[in-house]
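Trainee: Relying on the hints, combine the two individually framed chains into one complex.
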Amino acid sequence: MSTGHAARASEPAVEVRGLRKVYGGFVAVDDVSLSVEDGEIFGILGPNGAGKTTTVECVIGLRIADAGTIRVLGLDPVRDRDELHQVVGAQLQISALPAKLRVGEIIDLYRSFYVEPADPDELVQALGLDAKMGAYYRSLSGGQRQRLAVVLALIGRPRVAVLDEMTTGLDPEARREAWGLIEGVRDRGVTVILVTHFMEEAERLCDRVAFIDRGRIVALDTPARLAARAKSSKQVRFVPSAPFDDRILTSLPEVESVTRRGQTVVVAGKGQLVNAVILTLAGAGVTALDVELGSSTLEDAFMALTARQPDHKGAA
Amino acid sequence: MAAQLAARRRRTAARRALGKIVINEVRLAWRSPRGLLFGIVLPALLVVIFGELPKAQVHRSSLGGLTLFTVEVPVLLAFVIAAMALYSLPIPLAGYREQGILRRLSITPARPSWVLAAQVAVNLAFALAGLAIILIVGVAALGESAPKSPGGFILAVLLSLAAVFAIGLTIAALARTAGSAYGIGVVTFVPLMFFAGLWFPRQEMTAWLADVSEYTPLGAASQATQDAIGGMFPPAALLLALVGYAAFFGFAAARYFRWE
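Chains R and L, in that order, are what the protein sequence lines are.
If you're matching positions, the first sequence starts at 70 in the working numbering and goes up one per residue.
If you're matching positions, the second sequence starts at 175 in the working numbering and goes up one per residue.
In case anyone wonders, no lab produced these hints; they're calculated from the structure.
The beta carbon of each residue, even a glycine, is placed where N, CA and C say it ideally should be.
It is possible that part of the hints are untrue.
Distance ranges between label pairs, derived from CB positions [unchecked claim]:
1. L:Pro365 x R:Ala200: 46 to 54 Å
2. L:Trp433 x R:Thr138: 21 to 29 Å
3. L:Arg189 x R:Ala168: 23 to 31 Å
In silico lysine-lysine, DSSO-like type, Cα no more than 27 Å apart, as pairs [unchecked claim]:
4. L:Lys194 x R:Lys169
5. R:Lys201 x L:Lys194
6. R:Lys169 x R:Lys201
7. L:Lys229 x L:Lys322
8. R:Lys339 x R:Lys303
Chain L with its partners taken away, still in its complex shape (with noise of 0.2 Å):
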C-alpha cells in the first residue's frame, strides 16, 4: 500500500530527526556551558572539598554522630538534580518558544514536542552523569562508603528524578520568557535547596523545620537517598511525597504547557 509505505518512510524520517534533536540539544548545552557548569562541576569541586577539609570529617553528636562529609553528599545529589530541572531545563524551553523556534519547527514535519522530549533526556542523562561523578568520586576517592541499600538509593533517585523535572517542566510551562523562567527557577532552587540542607543540615534544624523539610521535594530526595547510603531502605512516606510531587507537577506541566 502506498500510503502505508509512505507512513513507514515518515516514520523512519521522525526517528532520524528526534536523534538530530537530542545531537543538536546536547551541542547547544556544550556551547552555553552554564548549566553543565552549574549542576556537574560545581558539586563536583564541592565533593571533593568537602572530602578534603579536616573538619568535615569529625563524627558529630549534632549531626546524629555523622560526619560533615557524609551529610553533605546527599546534599550534592539533590543539587545536581535540582540544578538541571530547575535550571537547565526550563530556560531554554521558555526561550524556545519565546523566540518562535518551537513555532517554526511546528510547521515541518517535527513536532515541537520532539524538542521537549529531547530536552527531557539530555537533561536527565546530564543529571544521572553528575550523580555518577559525585558517587565515584565520594567512594573511590574519598572514602565515603557505598549506598548499603542500593536497591532503595536507586528508587530514591529515580523517584526525585520524576518529582524535580516535574516541576522543572512546570516551571518552562508557567515561564513566558527565558527571562521569567530563569527568575523562576532562583526563587524555586533557593529554597528548595535550603530544605535539602545546603546552607544548614537538616540534622540541625529545629525539630519542626526538619519535620516540614523532609517532605519538600528536594528534603525528602536528600533524606531518601541519606537513608539509602546509610542502608536503610527509604521510608515509603519520603518515597510517596516524591510519588506525589511527581505526579502533580507533571500534571500542571501538562496542562499549562503552551507552544507559542
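Bound-form chain R, shown alone (with noise of 0.2 Å):
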C-alpha cells in the first residue's frame, strides 16, 4: 500500500470501542463496540432509527462520536480523516449529485479525488452503466444512480467499503446483481460493512452480523450461529379463529413471547410449547388455524432478540 498505513494481518480492518453519539438528548448509539476483520463482509443489522447509520457515519468520519473510539485500518477517522479517506469508500444512504452533469464526468471527478483511483471502464461495466455514460445525472433511474453511487464508493479503490442500505429500491432482480458485486469486491481483498434490513442479504453475504437495537448491539456471531441461537426455542405459528388476549400465552411456563405478524401469531417458548397452547386457546374458545412449527432463521434471531419485526420498507 502506497499510503504507508497498511493494517498488519493481525489487526482488525476496523475496531470501534465504547462508541457513543448523541442528538439533542436522544442516545442514538450506546456503548457499541465490534471489530471488523481484513476481508470479511460484516453486516450491521437493526430497525430503523437502531443507529446503524450512526455507527457507520462515525467510521467513516463523517460524524464525531462523543465517546468511544474507532480505528479504521490504524487511522483515526477524525484526526487522520485526509489518509482515511484515500483508503475507505463509501455509499451513504441519503446523498446525490448535480442534476445536468454527466455519468462520465461525475466518475471523472470523483477519480482525480484519489491518487490511485481504479479502472473506470472495468467498473462502470461491471455495474451495468457503460451504457449511461453520457446520461444527465436527473435522468437516471433510482437503482441507476444506486449503481452510480457503488461506483463512486469504490472508485478510490478502497480498503474499506461501507455500503449503507445500497440495495434498498432495487427489485429483487438488480438486488441479486448487487449482492454478487458485493461478493466480487470482498474478492478483490476490500473489507465490506454492510448495513442493510434484509434478513435475506445478510444470510448470504456476511460473514458476520451485529443486531444493533436502540443504539446497541444485541447479538454479534455468523448469521449461522445466530439462527441456531433461535432454534434452542420452539416456535409455533398459528392463525386465530378468534381475538384472544395475549395474556392468556404469556402467562404459561412454557411461553416465552408472543408476537403478531398481521394475522398471524408467533409464540416462541419450550417445552411441550404445541400442546400447552392450543389447549389454552381452546379453553378459551380459540382454534388455532393453519399451525406451523416455525424453522428457524436469521430472522426469527431477529425477533427473539429485539421482540420486534424487522422493517420490511422497500422489500419487493
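Mentor: Pasting the structure below:
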C-alpha cells in the first residue's frame, strides 16, 4: 500500500470501542463495540432508527463520536481524515449529485480525488452503467443512481467499503446482481461493512452480523450461529379463529414471547409448547388455524433478540 | 519518507481535483444558463439600448449635466456584480448543501470548501467578463469615455466585488434550500439595485435618499465607478463603506456557513 498504513494481518480492519453518539437528548448509539476483520463482509442489521447509520457515519468520519474510539486500518477518522478518505469508500443513504452533470463527468471528477484510483471502465461495466456514461444524473432511474453511488464508493480503490442500504429500492433481480457485486468486491480483498435491513441479504452475504437495537449491539455472530441460537427455543405460528388476549399465553410457563405478524401469531417458548398453546386457546374458545412449527432463520433470531418485527420497507 | 511522499501525492491529486471541480461548475453554469443570461447578456443588451437611444444621449441638468447613458453605465456594472453575487453564486451552493452533494463530497479526499472556492472563482470570472463586455461595448462601440481614473476604477470594482460577493456568501450561509436562496436573493437584489439607480437615477433622488443610497453596497459601487469613469478618484468614504460591507458580511458568512 502506497499510503504506508497497511494494517498488519492480525489487526482488525475496523475497530470500534465504546462508541456513543447523542443528538440533542436522544442517545442514537450507546456503547457500541465491534471489530471487523480484514477481508470479511460484516453486516449491521437492525430496525429503523436503531443506530446503524449513525455507527457507520462515525466510522467514515462523517460524524464525530461523543465518546469511544474508532480505528479504521489504524487511522482515526477525525484526526487522520485525509489518509482515511483515500482508503475508505462509502455509499450513503442520503446523497445526491449535480442534476446536470453527466455520469462520465461525475466518475471522472470523483476519480481525480484519489491517489490510486480504480479503472473506471471496468467498474462501470461491472455495474452495467456503460450505456449511461453520457446521460445526465437527473435522467437516471433510482436503481441506476444507486449503482453509480456504488461506482463512486469503489472508484478510489478503497481497502474498506461502507455500503449503507445499497440494495434498498432495487428490484429483486438488481438486488441479486448487487449481491454478486459485493462478493466480487470482497474477493478483491476489500473489507465490506454492509448496513441492511434485509435478513436474506445478510444471511447470504455476511461472514458476521451485528444486530443493533436502540443504539446497542444485542448480538454479534455468524448468521448460521445466530439462527441456530434462535432454534434452541421452539416456535409455533398460527392464525387464531377469534381475537384473544396475549396474556393468556404469556402467563404459561412454556411461553417466552408472543408476537403478531399481521393475522399470524408467533409464539416462542420451550417444553410442550404446542400442546400448551392449543389447549389454552381451546379453553378460551379460540381455534388455532394453519398451525406451523417455525423453522428458525436469521429473521427469527432477530425477532427473538429485539422482540420486534424487522422493517420490511422497500422489500419487493 | 513514505509519509511525506504520500502527502505530496495527495496534494497533487487535490490540485487536479480542484481543477476538475472548477470545470464542472463552468459546465453546470453553461447548462443552466439563467444566471449568465441575467447577469451578462441582459446588462450587455441594456448598454446597447441605452447607447443607441437618442433620448439617452441628451445632456440633462437633472443629471448634473450628464447623459442618461453615462449615468446608466455604472448602474449596469453594479447590475452585473449583483446578479453574479446574489443569484448565480448562492443558489447552487445552497442547493448542493440541500441535496447532500456537499455531504457526499465530505467523505472523499475532496473538501466541500473546494466547491465553495470554485463557485466563488467561477462567478468572479463571469462577473469580470460581464464588466469587460459592458466597458468594451460602451467605450469602443457607443462612444462612452474609458475610465479617466483607471486606478480608481479598478479599486472601486475590486472593492465592490468583495462587498457584494460577501453578501452573496452570507445568503448561501443562511439559506437552507436553493429555493430560499433564490427568495433571499430577490429580496436583496431589488432594493440594493434601487439604491444603485436602476429604476430611478440617483442624481434625481431627493437629497436625503441620495445620501442614503451612496452608502448602500450597490449605491457605493455605482457612485465609485461613476466617479472613476468621470476622472475623479473615488472618495475614501465610499471605498471604506465597501470595505466595511466586505468585512462584515465576510465574517457573517464564515460564522454561519454550514456544510450540511
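Trainee: Could you see if the CB distance from Trp433 of chain L to Thr138 of chain R stays within 21 to 29 Å?
Mentor: Check passed, 25 Å falls within 21 to 29 Å.
Trainee: Do the alpha carbons of Lys229 of chain L and Lys322 of chain L lie within 27 Å of each other, as the hint requires?
Mentor: holds (24 Å)
Trainee: Starting from the hint 46 to 54 Å, judge whether the C-beta atoms of Pro365 of chain L and Ala200 of chain R obey it.
Mentor: Holds, at about 50 Å.
Trainee: What's the verdict on Lys339 of chain R and Lys303 of chain R, does the C-alpha distance respect the 27 Å limit or exceed it?
Mentor: holds (6 Å)
Trainee: Check whether the Cα positions of Lys169 of chain R and Lys201 of chain R lie no farther apart than 27 Å.
Mentor: holds (14 Å)
Trainee: For the pair supplied as a hint, Lys201 of chain R and Lys194 of chain L, confirm whether the alpha-carbon distance does not exceed 27 Å.
Mentor: holds (20 Å)
Trainee: Check the following: the C-beta atoms of Arg189 of chain L and Ala168 of chain R are separated by a distance inside 23 to 31 Å.
Mentor: holds (27 Å)
Trainee: Holds or violated: are the alpha carbons of Lys194 of chain L and Lys169 of chain R at most 27 Å from each other?
Mentor: holds (15 Å)
No hint from the list above goes unmet by this structure.
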